[in-house]
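Student: Protein chains in written order, with my numbering: chain X, 4 to 493; chain C, 623 to 790.
I should point out that these hints are in silico values taken from the structure, not numbers from a laboratory.
Where is the CB? At the ideal position from N, CA and C, for every residue including glycine.
Treat the hints loosely; a few may be bogus.
Said to hold, decoys possible - The calculated lysine-lysine pairs, modelled on PhoX-like cross-linking and capped at a C-alpha distance of 25 Å, are:
| id | chain 1 | residue 1 | chain 2 | residue 2 |
| --- | --- | --- | --- | --- |
| 1 | X | K181 | C | K704 |
| 2 | X | K177 | X | K142 |
| 3 | C | K704 | X | K37 |
| 4 | X | K37 | X | K116 |
| 5 | X | K177 | X | K151 |
| 6 | X | K142 | X | K179 |
Said to hold, decoys possible - So, partial list: chain X residues that the calculated Cβ filter (under 7 Å) puts toward chain C:
| id | residue |
| --- | --- |
| 7 | V390 |
| 8 | V391 |
| 9 | E393 |
| 10 | L414 |
| 11 | R440 |
Stated by the list, open to error - If the Cβ cut is set under 8 Å, some of the chain X residues that face chain C in the computed set are:
| id | residue |
| --- | --- |
| 12 | R90 |
| 13 | Q100 |
| 14 | L101 |
| 15 | H187 |
| 16 | T392 |
| 17 | V403 |
| 18 | E407 |
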Amino acid sequence: MSTNHLPDYYEILGVAPTAPVAEIHKAARQLSEKFPEEVRDPDGNVAFRQLMMAYETLSNEQRRAEYDRQRAQRRPDILQVGIQSSRPNLEALNGEQLLYLLVTLRPPSAQNKSETPVNLALVFDRSTSMRAERLEQVKSAVRQVVEKMGSEDIISLTSFSDRAEVITPATRLKDKAKILRQLHDVRTTGGTEIFQGLQAAYDQLRRAPLGRYINHLVLLTDGHTYGDEEECLRLAQQAADQGITISAFGIGTDWNDDFLDRLVAPSGGRSAYVARPEQIVMYMREEVGGLGTLYAQRVRLKNQLPEDVSCNYAIKLSPFAQPLDCSGEAMHLGAVEGRAPLTFLLELKVAPQRLGGEVVIPLTFVTDIPSLQLQDRAFHYEQRFEVVTEAEMSPPPQVVKAVEMLSLHRLNELAWQDFEVGNTLKATRRMDWLATRLMETGHTTLAQQAAMEKERLISMDSLSASGRKQLKYGTRALLTRAITLTGNDD
Amino acid sequence: MIECSQCGHDELPGSLFCTECGAVLSSASEPDGTLLPFTDILSKESEPSLLGQAVEPVQEAQAIVFVIPNSGRRVRLPLDQKIHIGRADPSQEYVPELDLTEDEGAEHGVSRYHATIEDSREGLFIVDQDSTNGTLLNKFRLPPQLPYPLHSGDELRFGQLLVHVFLE
């Protein structure tokens, strides 16, 4: 018998592997009493049979010792996957219903250091709007990144305004002083054309054999790009197909957040709002620090939903909050890092169901794990939901918390959408609700921001650019916090 | 549809929060109705009264009447024996005292062995027999295999089939 299929008798009995034999007797008795008389037949009910097996094995000293030995030899899973659903079953209905899945992926054990070298391209805006202070903060962030990286890592530096300039071509980090000297001379000039910069940085990344590296492109910008958005998105897709992750950081308030979200979506990277220049260093450290503990990359969830189930909304919650695109063949989730699990939330809409049926949701993850030299390795899971007359609603607390924060995030999104289509009245009402809910949940700063935007809608029929970013990224941050604060499931 | 108690917006079943105003929807946080205190009547051998307070003695109820709105049927049963509730199973030669077959029990998710009602010195109680779709007592979902006190005027739901209970 393969030890990987060894059932966990301790888990079945709900006792610790160190539990004394008296506790095992007690647990087994209590559990068996939950089974009705007529299924307490070792040949009948599978769950009951398992319980009996667990009891018979663990209550005998010799058998328990042998079992413990086998259990200790189990090969750890390559990827740990945890799935929580908002409900254990579905309801027989003539209409649609919702179902939430909260999924967590993590390495099999704590992973503090990745063995795989990093191939990093930093591309930053040097347009005149960047001004001295922003550019200096970018430079100091880059300096820190360069200092932190290992000698096997590769880095390239590219700046852009109306055109791109490669400051440091892709190079191993042997001569750090030289890289820093080259960086020193960068001055602000011209406008913002992101595509030129992206293309140059992408070319630098491709000078290394991509298969042997963790490939990452980081964009720092403070402005709107003009007329080249489609080209940028095409390049982002191309990069994702080759295993390059793109993250994008917007500095200040005058940049297009929807565009940056779309730019990072194909590769599952991060887009974030840098409100103050001095935060640039922190974001960059976080971003590059994550690469240093990376375990699995290019994690994708195949879209295999049955015909009667559709994905309404998908969002990543940890290590950072980022909306996910569930319209394609596969959803790109980004990387599994050692520091924090990759957690995402799915809102699924289920078509009318008949009593006695069953809905099966397959979850197939495909990923590369560099340390094990695995490429496109698939991990298959599934969740089954029986269709009953009266479904139970007892969602796990973590799911409730995540969905609650998602509802705030979406309330904000909807308010902006209402405003954009000219429905100020509706937008005002939503902004008011948002302020109330944020206050109720104790997020006073964000609540005040929402209240201010509401007032602005009433008095001036407008919303502010800084409010837009603060509320959008602020409510995203709440999603991450919802997951990390309600504790983990192990 | 679930109606939001704060803004009246309709949400799909299974929703946890209102999309319009962000309020928690009642079905998300707790089962319908309030939790009834659980009393382990069966384990008590001697005198202690139910719920630690004086229980109105079951006014010498002789019979129990079930009213089933779905079929308009009225069933009166004596209380001198255990009452099984469910659907007849001819292959097992099993006919429960309260057979809900003709009330469209199957369509409403009634199990064959759905629940039982027993009389004891502490009063009448109902036990869900691990039914597939559960038993609701005044909108409270009964955990299987645990006895709960039953009173005249209570509302029971086996699966989705509503049954009113009266004592005579």
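Student: Evaluate each hint against the coordinates.
Tutor: Outcome of the hint check:
1. A hinted pair counts as satisfied when its Cα atoms are at most 25 Å apart, and K181/X with K704/C does not qualify at roughly 90 Å.
2. For a cut-off of 25 Å, the pair hint linking K177/X to K142/X stands: about 19 Å separates their Cα positions.
3. For the suggested pair K704/C and K37/X, the alpha carbons sit about 21 Å apart, so the restraint of at most 25 Å is met.
4. Restraint check: the Cα-Cα separation between K37/X and K116/X comes to about 46 Å, which exceeds 25 Å; the hinted pair is violated.
5. In summary, the hint linking K177/X to K151/X is supported, as the alpha carbons are separated by about 12 Å, within the 25 Å threshold.
6. With a CA separation close to 14 Å, the supplied pair K142/X and K179/X stays within the 25 Å bound.
7. Interface restraint check: V390/X against chain C, minimum CB-CB distance 10 Å, threshold 7 Å, status violated.
8. Proximity of V391/X to chain C holds as hinted, the smallest CB-CB distance being about 5 Å (cut-off 7 Å).
9. With its C-beta approaching chain C no nearer than about 6 Å, E393/X sits inside the 7 Å limit, and its interface hint holds.
10. Hint status for L414/X: holds, given a least beta-carbon distance of 5 Å to chain C, under 7 Å.
11. Proximity of R440/X to chain C holds as hinted, the smallest CB-CB distance being about 4 Å (cut-off 7 Å).
12. The interface hint given for R90/X holds, since its Cβ lies 6 Å from the closest Cβ of chain C, which is under the 8 Å cut-off.
13. Checking Q100/X against chain C: minimum C-beta separation of about 4 Å stays under 8 Å; hint holds.
14. At a threshold of 8 Å, the smallest CB-CB gap from L101/X to chain C is about 4 Å, leaving the interface hint in force.
15. Evaluation of the H187/X hint against chain C yields a violated restraint, the C-beta minimum of about 49 Å exceeding 8 Å.
16. With its C-beta approaching chain C no nearer than about 3 Å, T392/X sits inside the 8 Å limit, and its interface hint holds.
17. Hint status for V403/X relative to chain C: holds, with the closest Cβ pair at about 6 Å, below 8 Å.
18. For E407/X, the interface hint holds, the least distance from its beta-carbon to any beta-carbon of chain C being 6 Å, beneath 8 Å.
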